[in-house]
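Q: If you're matching them up, the sequences are chains A and B in order.
Residue 220 in this note's numbering sits at position 220 of the first sequence, and the numbers go up by one each step.
Just so we're on the same page, this note's numbering is the position in the second sequence counted from 1, plus 431.
Think of the hints as simulated: they come from the structure by calculation, not from any bench.
The model shown is predicted, which means the values in this text are computed figures rather than measured ones.
Treat the hints with caution; some may be incorrect.
Stretches of chain B that chain A covers, calculated by requiring three or more beta carbons in the stretch to come under 8 Å of a beta carbon on chain A [claimed, not checked]:
#: 1; segment: 484-490
#: 2; segment: 917-929
List time: in silico DSSO-like cross-link candidates among lysine-lysine, alpha-carbon distance up to 27 Å [what the hints assert, rightly or not]:
#: 3; chain 1: B; residue 1: K1069; chain 2: B; residue 2: K1094
#: 4; chain 1: B; residue 1: K686; chain 2: B; residue 2: K1010
#: 5; chain 1: B; residue 1: K690; chain 2: B; residue 2: K519
#: 6; chain 1: A; residue 1: K237; chain 2: B; residue 2: K442
#: 7; chain 1: B; residue 1: K519; chain 2: A; residue 2: K194
#: 8; chain 1: B; residue 1: K664; chain 2: B; residue 2: K509
#: 9; chain 1: A; residue 1: K128; chain 2: B; residue 2: K442
#: 10; chain 1: B; residue 1: K924; chain 2: B; residue 2: K734
#: 11; chain 1: A; residue 1: K362; chain 2: B; residue 2: K686
#: 12; chain 1: B; residue 1: K686; chain 2: A; residue 2: K189
#: 13; chain 1: B; residue 1: K1010; chain 2: B; residue 2: K1094
#: 14; chain 1: B; residue 1: K1069; chain 2: B; residue 2: K690
C-beta: ideal position from N, C-alpha, C; glycine also.
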Amino acid sequence: MLPFVQVMREADYNKLYDEKYNNSRQRRERRDSRRTRRSDSRDRRHPAQTKRARLKQRMFDRGMGLDLPFLLLVLVLLVIGMIMMFSASFPVAYYNLGDSYYYIKRQAIFAAIGLAAMILLSFFNYNKLHKVSALFIGISWVLLVVVLLVPGDVHRWFAIGNFNVQPSEIAKFSIIVFFAHWGSMYYDKMQYAKYSVLPGLVVFGVTAALLVLEPHFSGIVIIGILTVVMLYLGGMKVRYLVIGLIILFIAVLIAAVTGMLSYAMERMDGWGQALNYTSASDPEMWNTTWQTRNSLYAIGSGGLFGLGLGNSRQKFLYLPEPQNDFVFAIVCEEIGYIGALIILLIFALLVWRGITLSLRSKDRFGKLLGIGLSAQIGIQVVLNILVITDWLPNTGISLPFFSYGGSSLIMLLAQMGLILSISRTANIEKQ
Amino acid sequence: MADNREVRSKKGLLQQLRFRTTVIILLVLVLGFGAIALRLLYLQLVQGPELQEKAVEQQLVDTKLSAKRGTIYDATGKILAQSATVWKVVLAPAYLEKEEQREYVAENLSKILDLDYDNMLEKTKQKSYYVIVKRKIESDERDALLKFIEKLEKKYPELSNVITLFDDYRRYYPYNDLASSVIGFTGSDDQGLEGVEFQYDKYLTGTPGRIITARNANQTDMPFQYEQNVEAKDGNNINLTIDETIQSIAEKYMKQGLKANDVRNRGVCIIMDVNTGGLLACASVDGYNLNKPYDLPKSAKDKISQLPEKKRPEAESAALGAMWRNKAIADTYYPGSVFKMCTASMALNEGTVSDGSTFTCGGSVTIYDHTIHCHELGGHGTQNLFQAITNSCNPAFIAIGQSLGPKKFYKYYQAFGFSEPTGIDLPGEADDQFFNEDGSMSETDLAVASFGQNFSITPIQMITACAAVANGGKVVQPYVVQSITDVDGNVIKTTENTVKRQVISEKVSKQMCDYLERNTTQGGSNNGYIAGYRVGGKTGTSEKLTTTDGTEDYISSFCGFAPADNPRVACLVFFDTPKGPNYYGSLVSAPVFVNVMSEVLPYLEVQAEYSDDEKQYVDTVAGSYVGLSVKKAKAQAKKDGFSVVVKGDGKKVVSQIPTAASKVPSGGNIVLYTDSQSRSEKVTVPNFVGSSVSTVKSLADSNNLNVSIIGASSSSGGISTSQSVPEGKKVDAGTVINVTFGGSSVVHD
Chain A
1 MLPFVQVMRE ADYNKLYDEK YNNSRQRRER RDSRRTRRSD SRDRRHPAQT KRARLKQRMF
61 DRGMGLDLPF LLLVLVLLVI GMIMMFSASF PVAYYNLGDS YYYIKRQAIF AAIGLAAMIL
121 LSFFNYNKLH KVSALFIGIS WVLLVVVLLV PGDVHRWFAI GNFNVQPSEI AKFSIIVFFA
181 HWGSMYYDKM QYAKYSVLPG LVVFGVTAAL LVLEPHFSGI VIIGILTVVM LYLGGMKVRY
241 LVIGLIILFI AVLIAAVTGM LSYAMERMDG WGQALNYTSA SDPEMWNTTW QTRNSLYAIG
301 SGGLFGLGLG NSRQKFLYLP EPQNDFVFAI VCEEIGYIGA LIILLIFALL VWRGITLSLR
361 SKDRFGKLLG IGLSAQIGIQ VVLNILVITD WLPNTGISLP FFSYGGSSLI MLLAQMGLIL
421 SISRTANIEK Q
Chain B
432 MADNREVRSK KGLLQQLRFR TTVIILLVLV LGFGAIALRL LYLQLVQGPE LQEKAVEQQL
492 VDTKLSAKRG TIYDATGKIL AQSATVWKVV LAPAYLEKEE QREYVAENLS KILDLDYDNM
552 LEKTKQKSYY VIVKRKIESD ERDALLKFIE KLEKKYPELS NVITLFDDYR RYYPYNDLAS
612 SVIGFTGSDD QGLEGVEFQY DKYLTGTPGR IITARNANQT DMPFQYEQNV EAKDGNNINL
672 TIDETIQSIA EKYMKQGLKA NDVRNRGVCI IMDVNTGGLL ACASVDGYNL NKPYDLPKSA
732 KDKISQLPEK KRPEAESAAL GAMWRNKAIA DTYYPGSVFK MCTASMALNE GTVSDGSTFT
792 CGGSVTIYDH TIHCHELGGH GTQNLFQAIT NSCNPAFIAI GQSLGPKKFY KYYQAFGFSE
852 PTGIDLPGEA DDQFFNEDGS MSETDLAVAS FGQNFSITPI QMITACAAVA NGGKVVQPYV
912 VQSITDVDGN VIKTTENTVK RQVISEKVSK QMCDYLERNT TQGGSNNGYI AGYRVGGKTG
972 TSEKLTTTDG TEDYISSFCG FAPADNPRVA CLVFFDTPKG PNYYGSLVSA PVFVNVMSEV
1032 LPYLEVQAEY SDDEKQYVDT VAGSYVGLSV KKAKAQAKKD GFSVVVKGDG KKVVSQIPTA
1092 ASKVPSGGNI VLYTDSQSRS EKVTVPNFVG SSVSTVKSLA DSNNLNVSII GASSSSGGIS
1152 TSQSVPEGKK VDAGTVINVT FGGSSVVHD
């Protein structure tokens, strides 16, 4: 327990944060007072004064130290994502629910909640998360148990009122927070397997076990990747990683042989061969690969410039659930390869900005947390598009900012809020 | 020291984190994003068109709109085949969700459209939006159906799209069996199956229109209009060279000939414009009703019904095939003596014989060990070329053939167009059958070929060759379609007259026309003579080498042209297997030729020129004397050249026989009636057959009847062979009766 407290004290950057806040307040007061003396020429400013002024100017530009480019990228992606989700979803909403605006109305509410959470969290001192990181893991485990009690074949979410909670979303976040905390706390011991491999195995193992029961294999894959990424960033020796990958390979092999992966395997059936079946030759596989095949049709129909915004044809009940995981297929169909590349570029910029600003964080916890949260978006984008292009089995990985879903969008925006909070400390100039 | 180490390790830690972050960035942003960017590039730009095609395939519903099939006109613009609008009933049973709805729809549809209820109910249960209920319904059924649809909409407003009527077309043939083998008919999908309908299907069909609608995966319409319409483009119209009037004349007399001579295997009459090759008529009789092409004649049905059950379908399709067959181009036959006009032309053109050459006929010739008899067993003695043609002397023509030799004979055979299809624009043209494929022939072959025996050609080839003999030696390509026009009347295609080659010189052609014309004047109607017209022609009787009813089978044919001084039309008459009292071409086919041409030539406005002798046989047109006073009428009629008989006591003429503008032999009797009672008096028709022209005329005079003399020539004298109104029938006084005369001598070739 002792090292934990010590780290807390060492890493208590609240002081710094407060200092930054006070500084900026002082500067603002000073500036306000200067405004009254406008007649002063800037040219005759003292060099030292100029430096201070520039510093002050930048601080002001970034709005309380908040990383404006990152915020802008988040908002741009959110707006594009919502437009595209609406475009993709209105036919299914119209035909299946009788209301074209069914999904977009709900998504707008979720976005509003998420944005509020994001702004709130951007002011939140993320260092407070140290204390609750273990609690988060506990909460997500409890929720993962709770979701198993919901009747049905697949237990991936449960409803609270009108709102669907997907515990695996919370689990993903908890894992990142926990390992960021762990990596910053035991930064000097991470090279030992006891401090890196062991907690990794325990936390991931329990989470994965609960996800197997849901079953939610894509969740396991993402959580596994995130665990590995976080431990790797935290300083785990690469050799453990290699050993781990070998063991994982063997484990998957065994699971596959014993039939534990039957659900995933069923989904993997026809993986990469969606175009090879015909309704006549193999009706069962034709139906199994229906979604992937129609996703490919949609992507292929887009060509270079697309059919035009709103002009997708595949969304007319050909592509099932176009508002969810396969929303990007409709994006490709409507705005073409050029449009898809631009969106990917914005995603890449967001990830890049998130990682680089986090690296500038003053504390290790902020660094690891920010990089982990940013990398999660990148990983999820890659996996999602590999799924809709039939290079990965259809396992249910949503596309951040685009896919319909309350808990995932709110969680996502909350995480963006945390990164923004990290950016506030990162943007404080070195004294 | 310790502090330093800590600082260093902290710095090392930061460096490690920076390095590992770089690795993560590389993995995610470069490898990951690079992979998906490339994957999308491949799918959207390389595989894109293929995927898009598949997507479009499932998204679009293509509804066909029938195009109206083009009309077929005769040479004068009369409609021979036409499409009229009918309707196709299409049901979308997927809208029917309740059992009572299905029953209601099925019950009414089966009642209105006269369909089986259970079958109909089965159709309403299908999960489809396009089930064809009935095709080609006519307007009465449509009206009833529209009423039902209205009722249905009132009862179940959600079922407004369940029944749809699509425009469709049905083919009508106003003249039923006229020119049936030429026109052909269409199948259930409006596709041409025979004749011009088949040959020109591409032009007649038109382009079906399409309604392409985007549908969602449930096959219902999308909420917005997403429709592309391509109007149906109606088919083009076809204008035939066939003239309905000429075709009717030909078919009328062919049917008579068929009946009179008990012909077993149908007959053919082709009338061709010798200069262009266009067919003015092409009759294969008996034809069939184009509106009911699957109805066999009663005799064929009876025959089939006697067969065992198993063999019936086969026999039926064979019978249908035979009925549809265009005998004029699909059947081959031995041309017989008609071919002699070609043999003579060849030899004259080669100069191996000349006008003055003489031939001796002793009744038979022996070639190697084959003895070939002349039809005149006593022999024709010594004859010149013209006489050999008139006598149709086989030994003479064997000598002519021998003078040519097999090689030259075959060369001309090819040049006349016998060795290849004529290329007429009709389906199913048969190939000739020559002795050997390579055109070689033995001396015996040559001998029999010289008079048209033992090789087979089609009737269309024969008339094309005859046209070449008549028209100055040009082998033309026969055709039946003059032009194709689109819906707006623009000409799309016109048949150009194709002269394939010059087979004989104009001089030889002139010489042959002269011979053949003299042949008809010598032989009278038995050789095709028609008073007032200069006709050339040749009879033919060929052995079929088969037997029916225990007697040998023959083909009787006549091929001629007119006017002989400047030929315009050729006509081939051909009866396959006559089993009547006669089988000679001169007695079976020549009279039909004469009858046909006697009507066709005036129709074609060929100027008739009569010799003084012939004038007595010539018909003139009766004037109108009705309404005149008896005195005036008498004077007028006498002035017109008629003898007048007045019946009744009235002062004014109330009616006349023959009626005004009808044809009356010059010097014939006009009966003028002055009251209506006298009209009831009738005259009994006497027997005109077996008498000379003068006897017939006086007999007619004494009975107050008129006779129109057909086929008698001044030089041949002739005996009457038939009369158009049978003996003993009661007719009005003044009625014109056609009496046909045969020649005094009959050529039995």
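Q: Provide an ascending list of the numbers of those earlier hints which the structure does not satisfy.
A: 2, 5, 7, 10, 11, 12, 13, 14
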